[in-house]
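**Student:** Take the sequences, apply the hints, and build the full model.
Line by line, the protein sequences are chains A and B. If you read the first sequence in my numbering, its first letter stands for residue 420, the second for the next number, and so on. If you read the second sequence in my numbering, its first letter stands for residue 66, the second for the next number, and so on.
Careful: at least some of the hints might be erroneous.
Pairwise CB distance ranges (calculated) [to be verified]:
1. A:Lys-537 x B:Gly-168: 38 to 48 Å
2. A:Gln-788 x B:Asn-286: 55 to 65 Å
3. B:Gln-182 x A:Ala-947: 55 to 65 Å
4. B:Arg-70 x A:Asp-506: 37 to 47 Å
5. A:Ser-527 x B:Pro-76: 27 to 37 Å
6. B:Gln-182 x A:Lys-809: 48 to 58 Å
7. A:Lys-809 x B:Trp-120: 31 to 41 Å
8. A:Asn-673 x B:Val-69: 55 to 65 Å
None of these hints come from the bench; they were simulated from the model. We put the beta carbon where it would ideally sit given N, CA and C, even for glycine.
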Amino acid sequence: MSESVQANAPVLAVDRLSIALPKGGDRPLAVENVSFEIKPNEVVCLVGESGSGKSMIAHAVLQLLPRGVDVVSGAVTVAGQDPSKLDGRGLRNLRGGNAAMIFQEPLSSLNPLKRVGKQIEEMILAHQRPTPSMAEVRERVQTLLTQVGLPNPLLLEKSYPFELSGGQRQRVMIAIAMANRPALLIADEPTTALDVTTQRQILRLIDDLRRERGMGVLLITHDFGVVADVADRVVVLRHGKVVEQGTASEVLRNPQAAYTRELIDAVPKARLADIHDTIVRPEPLLEVVGLQKTFRVKRGWLQPPREVVAAEGISLTLHEGETLAVVGESGSGKSTLGRMIMRLTEPDAGAIRFGGADLRLLRGEALRQARRRLQIVFQDPFASLDPRQKVGDAIARGPMAYGTSRAEAMAQARKLLARVGLSETAADRYPHEFSGGQRQRICIARALALKPRVLIADEAVSALDISVQAQVLALLAELRQEMRLAMIFITHDLRIAAEIADRVIVLQKGRIVEEGTTAEVFTAPRQAYTRDLLDAIPGRDFFDQPGFAAAAGARQTARIDSGIDAV
Amino acid sequence: METVRAFLRHPSGMIGLVLLLIVVVVAIIAPIMFPVSPWEMVGAPFTPPGEDGLWLGGDTLGRDVAAGVAYGARVSLLIGIASALAAMAIGVVVGAISGYFGGKVDLVLMRMTELFQTIPAFVLAILLVATFNPSLLTIILTIGAVSWPPLARLTRAEFLRLRHREFVEAAQCQGERTWRIVLGHILPNAISPILVVTSLTVATAILLESALSFMGLGDPNLMSWGFMIGAGRTVIRNAWWMSVFPGLAILVTVLAINLFGEGLSDVLNPRVSRRRS
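**Tutor:** Now the structure itself:
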């Protein structure tokens, strides 16, 4: 984006800000000595991994820090005012007036019981003095809804948040934030909960509004792809300290700090060249034929149930040692596909042939036996481990359920923990003592304990920080080689699919729209839908530059070799 | 350990615990404090408190009210705890089956639960006790049989919440058997609210037992608070002590259990306990 060189006063100035965590936290200061500025019409990205303190800074700007977390030194200036010196009224005028904020999860930031039009009105009525007439307010709401690109504003105004999609909700949040023409917009991971195509639209919308109104934007993200797309300037944070800051092109092209380089390298990139050729055997390991699933949601007494097609005639084959990526937007039915193969969701019709039987026809004990060679790793490493079960037990339970003795199963669990890069002593600890990346390693170990032949990874790295993501992907790739695992890798992130998969299936509304080898799909997509998905990959322009990918690829491999223990 | 320590720091929970311990101690040492049976006439009828060595007075037949209150504590606690456990046993089994299997099983079990909920508990209890002869066992079973529906609903809700959590599905994919999943994964994660409601059920069970005894439907061989109030009720205007002291005993015990239960709830609910620490 264009470099803004106006000598205007900054809309946000953060000066040597330090924020203390309550006693007993993992470090004394959440944020230490952070300084940066945002000028009008400038997008500054605050980048860092979870726990780097980036959200703390945003919350400090609007005085939203939780109790017990206090600013200990430094100052924040928003449009010439210091929020910490404002009284209640002044602070209310600032929030949503001169400085507005949007959050990561648009569903929980909207009031579920109020029509969205009312929620925007509320914002206008709270701030405009003298209070405008209702007709004016209505008109303003309509304009805002149009500006944020929502179709049919008249109808939309009367909708409740649950009737909208994630992207539409985030647009409503942006409309609310824009209602009083703020000088500063703070966006805290605004697109993390959205899929790629929606992410691109929302980022573009923020960027357009910024240019139109000359706002300053503080965009918090963990994704360097997003940075490459929208940032003017970048502030890289680690453990609450600024590691590096500068213009976006400087930082991306010529990162000074080793940590910045690591983050940039960790952005998954299509490495189409080094895909190993699988020995395609005539007999597939897993064969899915004509899988069909429609969810029926009851709506009311008189209304017909709403039908959502999650799978319509899906067929696929998987050979030994092969990795198949299933990609698509949210709601395309990709997770349902994985769950149907595991028989966690009952398909309406079709067949799942595995190990000489149709899994769909199996019941009870026969299903239990067949499931053994088919394992799944779930998305959320926090929800998928029983909080009251020791890690070792979690891994050993599977083999024990199939008759392995406890001692043997525990010994095997310890070995597996070591194999996935954790210490053997981890077996005696509880899941809450581990970080997200470590928990996902535990989940992988648990799945592998049964020596599966097919591993389904359902968004297995989506909840992880980007550098941890790279390490877990590398681990999966190694294990695949070692155990001749066939993998179905379900993901919304095409960059990851390109990095790990041999073949790709693109799903849209429960149908396969495109299927082929990764190289085919990524370099010569046949369908418009696939092309849209590919175009929406954040930072694509930047990371696809000739020469960059090759160099980064080489660096990445070197780093992964030494980096596994570091998660 | 953490939980115990958090509870010790909970002010109203601790008050409840202390009161409850006093009641328990009285119940335990009742035979030592009052070696003579509470049914024995030890003084003149209508002895006011403090006279004749009867510091809580004597009743219409000259029986020691203090001895009655002390022995009544044994009956109330025994019946309260035993019937709450009976209610928990029924409720957890019904709720767990209903929540885990869902579908038609759930439909049938929940309609049955509603049937029990629509009949007023006390009326049903009277009916059941009157049908079977009133004895310790039948009273416990009766109170258990009318108190389980809230526990079943709670257990079902917890099971529904946990049933499709990923760690449960992971256990399923690992080939663990259904009973192991239910007992090893779901129940331990659902147990905190169940324990809290069970502890509060003890209080309502004590009230139910008192009410039954008041109506003359208690075990005729056991001295109980409700029976004492029932017996002293007609003479309350000239001999208040016969009904007031057992009444206070009920009040203190039920209050103690409620405070204890709420304290337990705060401590076992991670969000609240985190706010406190």
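**Student:** Cβ-Cβ distance between Gln-182 (chain B) and Lys-809 (chain A): within 48 to 58 Å?
**Tutor:** Violated, at about 40 Å.
**Student:** Mind checking the hinted window 55 to 65 Å against the Cβ distance between Gln-182 (chain B) and Ala-947 (chain A)?
**Tutor:** 57 Å, holds
**Student:** Do the Cβ positions of Asn-673 (chain A) and Val-69 (chain B) conform to the proposed distance bound of 55 to 65 Å?
**Tutor:** 58 Å, holds
**Student:** Falls inside 55 to 65 Å, the C-beta gap from Gln-788 (chain A) to Asn-286 (chain B)?
**Tutor:** Given range 55 to 65 Å: holds, Cβ gap about 58 Å.
**Student:** Is 37 to 47 Å respected by the C-beta to C-beta distance linking Arg-70 (chain B) and Asp-506 (chain A)?
**Tutor:** Taking Cβ atoms as reference, Arg-70 (chain B) and Asp-506 (chain A) lie about 41 Å apart, which means the hint holds.
**Student:** For Ser-527 (chain A) and Pro-76 (chain B), compare the CB-CB distance with the range 27 to 37 Å and indicate the outcome.
**Tutor:** Check passed, 33 Å falls within 27 to 37 Å.
**Student:** Range hint 38 to 48 Å: satisfied by the CB atoms of Lys-537 (chain A) and Gly-168 (chain B)?
**Tutor:** 40 Å, holds
**Student:** Go ahead and decide if the range 31 to 41 Å is satisfied by the Cβ distance of Lys-809 (chain A) to Trp-120 (chain B).
**Tutor:** 56 Å, violated
In summary, the numbered hints that this structure violates are 6, 7.
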